[in-house]
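Number of protein chains: 2
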Amino acid sequence: MLTLVLAEAEVELMPAELCNHPAVIAHARQRGKQPKQILLDSNYHHAAMTQLSEGRRRGRPDITHLFLLTALESIANKQGQVRIVIHTRHEQVITVNPQTRLMRNYERFLGLLEQLFEAHVIPDKTRPLLSLQEPVSLKHVIEQQHADHVIALSKEGTPVVLPKYFTQLHKENKHHLLFLIGGFPSGSYHVDINSIADEVISLYPEMLPAWTVASELLVNYGNMCRKVSP
Amino acid sequence: MLTLVLAEAEVELMPAELCNHPAVIAHARQRGKQPKQILLDSNYHHAAMTQLSEGRRRGRPDITHLFLLTALESIANKQGQVRIVIHTRHEQVITVNPQTRLMRNYERFLGLLEQLFEAHVIPDKTRPLLSLQEPVSLKHVIEQQHADHVIALSKEGTPVVLPKYFTQLHKENKHHLLFLIGGFPSGSYHVDINSIADEVISLYPEMLPAWTVASELLVNYGNMCRKVSP
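Top to bottom, those sequences are chains H and C.
Residue 217 in our numbering sits at position 217 of the first sequence, with consecutive numbering throughout.
Residue 187 in our numbering sits at position 187 of the second sequence, with consecutive numbering throughout.
Calculated from the structure, these hints are not laboratory results.
Be a bit skeptical, because a hint or two may be false.
One copy or two, either will do: identical chains are not told apart, so a pair holds if it fits within one copy or between any two.
Listed next, the in silico SDA-like pairs over lysine to any residue satisfying Cα-Cα at most 25 Å (straight line) [stated by the list, open to error]:
id, residue 1, residue 2
1, K171, V228
2, K171, L110
3, K227, E206
4, K227, L39
5, K227, P163
6, K227, V161
7, K33, E206
8, K227, Y189
9, K33, P163
10, K227, E172
11, K227, P205
12, K164, Q81
Only chain H is shown next, with the shape it has when bound in the complex (with noise of 0.2 Å):
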């Protein structure tokens, strides 16, 4: 088993602060929403988070976006080998049903997740694709997935081959392997990752993508799965 957990993503709805700012006011109006009901965007509110603490790595719900398409779509997914979780800035956790089909386009998705802040879970609590818990930390959020050997990703971690280094965890019995991917654009984690993980790993000596670190890990895991249960 493979579960990807994207960690610290900017992905929150309109902080308190900026619901007053004309831009923000008249985007929610445009979608017929509250200023609070709506996602924070750079995108969109640009203008708005210069004034906000932190503004030039919040507010990305689209490499969440790229992030899902990419761990969903992928054939270690298809075969049943992955969970998928997100964690977010304010800690908030999104578990994902990895049947759901999520939609391309991206302005939809920004509006599931608006309904899934709402509702807590989508479609319904019988047969849920999105759920949303209250807030726990990353070290929780971990340690109930009960993982036998927990990774974090980083440009700062040791450089690993993948397919080596998965070829080795296997070796050790370990089958459970949860990743943290970080889903924010640039920076570090704010959490210390050295205490929550057992290893932190590079797979390139400069910041990568969310969905390019998943690619990685989605298509060597499945690689690896093949080769060992042919």
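Since the structure of chain H is already known, use the hints to place chain C on it.
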């Protein structure tokens, strides 16, 4: 070298027969353009497209966007090993400079392509990131690339295991590989791929999205390159 050709990509300007449809006129006006200047997009022009030949397959620039984000941000591309060409339904050819940093936002990407269809090169001829050629056949696009081996992806192809497949091609001294990936959401290629590709292979028994196929090729090609030249 790995050349990825997104073949028969469903990217086109508004077909003349839909330019008078009220929903199309309204959407164009909202964007400050003429109907003939905007891209066909099934997400916005669904109602108008019921009248259109092959309407259920057309108007999918989102697939091209996701394919490009996957290819351009891959490790293999960052290492200078990738060429990217888009060949559309109407046989227009978009060449993408591998160093292009593509916008993540889909609306902006639509604007970029619309600009490309007007100007034919972006940002300008001295430093082109995207350029649009006059229509040429897929066969001709392939010939222009001078690849050692041309492989089409199709769920009807011969099943392969990519790590072994790439190693085998390397042993056969086939170094410049050209892959054709379907840029359409469903159905088959219009062209007879058996007559233009040296081989037709399958990665999975069901149809995969173009970006999933691209991921598999890019990650496995990158792995092979690291293995043969450590």
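Here is how each hint holds up against the structure:
1. K171 / V228: both (10 Å within a copy, 24 Å between copies)
2. K171 / L110: So K171 and L110 fail the 25 Å test inside a copy (42 Å) and across (47 Å) alike.
3. K227 / E206: between (30 Å within a copy, 21 Å between copies)
4. K227 / L39: Classified as neither: same-chain Cα gap 42 Å, cross-chain 44 Å, threshold 25 Å.
5. K227 / P163: both (11 Å within a copy, 10 Å between copies)
6. K227 / V161: The answer is both: 16 Å in one copy and 10 Å across copies each meet 25 Å.
7. K33 / E206: Result: close neither inside a copy nor across copies, 39 Å intra and 39 Å inter.
8. K227 / Y189: neither (34 Å within a copy, 31 Å between copies)
9. K33 / P163: neither (47 Å within a copy, 49 Å between copies)
10. K227 / E172: both (16 Å within a copy, 23 Å between copies)
11. K227 / P205: between (28 Å within a copy, 18 Å between copies)
12. K164 / Q81: both (19 Å within a copy, 22 Å between copies)
The structure fails to meet hints 2, 4, 7, 8, 9 from the earlier list, while all remaining hints are met.
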